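> Residues per chain, in single letters:
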Amino acid sequence: MKHLICNVVCASMLAGVASAAPLVSGIVTMPNGTPLADVQVQVEIRAVQTVPQSDTQGHFQFDAATLFSPGELRDAGALTLKFSKPGFNSVGKLVTIAEGQSPSPIKIKLEPIGGSGAIPSTEKEVLNKYVAGPGSTPLFLFPYKLTGFEAAELKVVNDNLRYNLERVIITHLQASGVSGSQAVSMKLLPVEQANNIDLSTYGTYLNALAMITGRGGMETATDGSRSLEVTSTFQVVPQAETVGAPRLDMDDTVPPDRVASPRLYKYLSKAWGRSTVLAIGVSEYRQALAAHDKATLKRISQYLRSERKDAGPGDELLVSELNILIGAVDKELAK
Amino acid sequence: MTLRVLAALLLASVSLTPCTHAGEIIRFQAGAQAHTDVVLAHVPVKALVAEFLDPGDTGTGKSLSYLVWREILTAISDQAGAGVILARAPGEERITDMLEKDYHGAAVRIAKEQKASMAVWGAVNTAGGDLFVNTYLSLLPETADTQLKLTLSGEPSLPPGLQAKIMRTNYNFPLVETPRARLFERRIVTRKQVTLRATADPSAQVVATLSKDKALDAVDMDKGWFKVRLANGQVGYLDNSVVDVPPRTIEATLVSTTLKATPGGQHVRNVTLNGPYRVLDMRYEAKTGLWYELEVDKVHGWVPAHLVRARFSLPIVHFVAGLYRYQFKRYEDARREFAQYVSALNFVNDNPSLASAYQLLGASTMLTKNTVFETDDSVLEYFSKAVNATPYDPSAYSLRALAALAVQRKAETALKDLEQALSLDPTDPIATRITDTIRQDLMKPGGGRLRYMLEDGAAAGPKFENLANRYPMTGASTRE
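Quick mapping for you: the protein sequence lines, in order, are chains P and R.
Position one of the first sequence corresponds to residue 1 (the numbering used here), numbered consecutively onward.
Position one of the second sequence corresponds to residue 1 (the numbering used here), numbered consecutively onward.
Not one of these hints is a red herring.
In silico DSS-like cross-links for lysine-lysine, where the CA-CA straight-line distance does not exceed 27 Å:
| id | chain 1 | residue 1 | chain 2 | residue 2 |
| --- | --- | --- | --- | --- |
| 1 | R | Lys444 | R | Lys416 |
| 2 | R | Lys329 | R | Lys385 |
| 3 | P | Lys187 | R | Lys101 |
| 4 | R | Lys165 | R | Lys369 |
| 5 | R | Lys101 | P | Lys155 |
| 6 | R | Lys287 | R | Lys369 |
| 7 | R | Lys165 | R | Lys416 |
| 8 | P | Lys298 | R | Lys165 |
| 9 | P | Lys129 | R | Lys101 |
| 10 | R | Lys385 | R | Lys416 |
| 11 | P | Lys109 | P | Lys145 |
| 12 | R | Lys287 | R | Lys329 |
Derived DEER-like restraints, expressed as beta-carbon distance ranges:
| id | chain 1 | residue 1 | chain 2 | residue 2 | range |
| --- | --- | --- | --- | --- | --- |
| 13 | P | Gly117 | R | Lys101 | 33 to 41 Å |
| 14 | P | Gly71 | R | Arg269 | 40 to 48 Å |
| 15 | P | Gln57 | R | Thr253 | 54 to 62 Å |
| 16 | P | Ser185 | R | Gln408 | 48 to 56 Å |
| 17 | P | Leu333 | R | Pro160 | 29 to 37 Å |
| 18 | P | Pro190 | R | Glu92 | 27 to 35 Å |
| 19 | P | Ser104 | R | Ser423 | 38 to 46 Å |
| 20 | P | Ala152 | R | Val219 | 30 to 38 Å |
| 21 | P | Ala291 | R | Ser423 | 27 to 35 Å |
| 22 | R | Asp376 | P | Ala295 | 46 to 54 Å |
| 23 | R | Asp97 | P | Ser320 | 36 to 44 Å |
| 24 | R | Val235 | P | Gly148 | 33 to 41 Å |
Just so you know, the hints here were simulated from the structure itself, not pulled from any lab data.
Being a predicted model, the structure only gives us computed values, none of them experimental.
Note that beta-carbon positions come from the ideal geometry of N, C-alpha and C, so glycine has one too.
Extracted from the complex, chain P is given alone in its bound form:
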C-alpha cells in the first residue's frame, strides 16, 4: 500500500538558502517514546533518495549535500522526508533549510496501524454534536497546544487559525477548480487532542475529511531572542485502495508576538489547500468505487488535473501524489 505524503516549499525562504551542506538528523520513536529501529527514511526534492535506516536507538542522519546539488537545495529551500516501517502509519515531514545551517534534530513519532487508544465516552459526549452528517465535509482543527501562553491568548490564536485556514483552503479549492459534491468547512473543536489517541481515530469518529492540529513551545536562541517552534499536522482521514491516508507534519518558527498572526499559517496555506484536494479526491474516489459511479470518477480525474495545472517548481511531490490518484481513477474509468 502506498502512502501519500505532501510536499511544501516555503517559497519566501527561497531568498537565502544553504550553500553550506546541511546535516539532517533526528530520532524516530513510537508515541510512548520507545525508539524505532529499521525505519526507512526517504528524502525528496526532485528525485527520491533513500538514506540509511534508523539505528537501534531510533537515530538517523544524512548529509543532504551528498544527495542533492547546491542548486537543487537552494531552489527547493526545503526537504521532504518520509518515514515508513511495516505495521506503522507513514509520516511525511517537511524540513526547511536555512542558510549554512543544519536543521535542529527532528523528532518523529510513528503510530502503529490501528494501535491507538480509544476515545473515552465522556469525550465522545463532547464531540457528538460535531460528528459530520451527510452533506457536510468538515475539516476539524484541534486547538494548537503552545506552551508559554495564557489560555485567553491561545483562544485568539486558535480562533484566528480557524478563520484564516478556512478561507485559505476554500479559496484554494475555488481557484483550482475543485468541484467536490459537498461544501467544505473548518471547525474548531472545544477540546484538545488527547496524547494517547491519534488524529485518525478522532477523524473517523467525527466523520471528518481531515484533522489539523499543532504543538509547540518557546525556544531561546543563544543571543537571548525567543521564538516559538511549532509543528503543524494535517491528517487526511478517508482511506482508499492503492492510496493511503496521508499525514503531513510541518515545522515553523514564529516570533512570539506574531503567534496570533498569519505567520502561523503563512507556510501552511498552500500545503493545506493541496492536502485538502487530495483528501477530497481520496474520499470521493472511495465512494465512487463502491458505487461504480463513472460520472464521479470522471469529475475527480478532471479536478485532480486542474489542481496539477497550478503546480510549479517545488511541487513535484504533490504532483507525484496527484499522479498516483489520477492513475488509480483513470484505471477505473478505463474498465
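Fit chain R to the given chain P structure using the hints.
Here is chain R on its own, set in the frame of chain P:
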C-alpha cells in the same frame, strides 16, 4: 500574395464603446456618488473593489479597500472608458459577511450585481505595526467563458482554431507582509478645496481648510479617511474621495529626462533617473497626461508618468491595472504593469498568477508591434517562464506553441509544445484543436495558408498528422 499575421487578443465580452471621459477618470466619482445603484453603467471595463475582510474589525480592512480602489484609479487615470467602483451590498447584509460565506463565489455575485466584470477583495490581519494582507481577484463566469485568448489570425486569413486561453478565473495572490507605514505613509493631493477634520467623521470639528492641488503628508488611514500631518504639525483627517492618491514611489532604470518646474513647464535640470523615488506630488494635465513631482539629487521637479514605473502598495494593483490596459489595447502600458507585477513577486512562489502575468506580458509585448513579425523572438522567453512556473498546465504549452508559430515561423517548436500539452492531458480541448487545425492546413493538397507561412510547413505536415491521430479531438474541442 502579401501575408501578414496578426496576433489578436480578444476579450469577447467587452465592447469598446467610444468614450467621452478621456482623462477624467481619475476624478470620475466623488464621495457619495459611489453609492448609487449602478455606477458607471456606461463604462465598458469595470472592476469592483470590495471591503477587505478584517477579522479583528480594526477598520484597516476598510482603509485598505479604499487605498487599493484609489490606487487602481490612479494606475488607469488616463484610460478613457475604464472605471473602478466600490462594492455595495445588494441588501442589508454586510459585504464582508457575504464574502466570508462563499469567498470567490460571493465576490462574483457582488460583481455581477453591480455589472462589473471582476472583483478585487482581500483579508487583512494586524500584528503590532505589521499588516498581513491576502488579496484575491475573482472574474465573472461570463468573462471566464470568453477568457482572454491568444488568437493567431492573418490577412489573408489563417484557419480558425489557432487559439489558446491565457486567464484563469480565480486568483489567490500571495500573502503580503508589510509594515503598516509602508502602505499608508505617503503623499496625497487635494482635488478641490477641502476641510481637514479632527477625527475620521464628516461631522467632526474642522481643523483647517486646504486649497485645491495641495500635496499633503498622509501618516495613516482610519477606515476611508487619510490621517494627515500638516507642515505646522497640525493633524487631521480627510475623506479619501477628496484627494488623489499617487503611488507611494516610482521606479526608473537609467532614464534620462528633464525635470520641469511644473507639469509640462520650464526646464529645471537634466537628470538620469535610476532606482526608486518617493512621489511628492501628482497632477493630471489634459494634454500631456499624468505627471509626478520627484526629488532627484536634492532638486525637485516634475517628470511625465510614462517615463517611469509606478510601484503600488500591493501587487494586485499592477495585475488589475495590466488587465485594464490590455483590454483597452494599451499594450505598452499593459506590458509595464505586468512587468511590475512579476518583479513584485521576486521571491514569492505563486505559480498560477506568475504564469498568467508572464503570458500577458508576452502577449502585450507581441501586440505593441503592428505585426508579430516585428517582434523579437526573445518574447518567447516570457512564455517559457510561464511554462516553468506551471509546467503541468497544458495551456502554458499551447500558448507558447502559438507564439512560436507566429514569431519563429516554424512548426517544430509548436509541435513539441503541443505534444507536451497532450501528454499532460490527452483530451485537452485547446491543444487537440490547435493540433488538428495545423494538421488540416499542412496536409491540405497543395498546402493551406499556414503551410505557406511556415518555413518547415511541408516537412512538419506528417508529424502533425501523426500527433493528431494519437490525440484525436473530442466533443469538447469542437465546442471550444
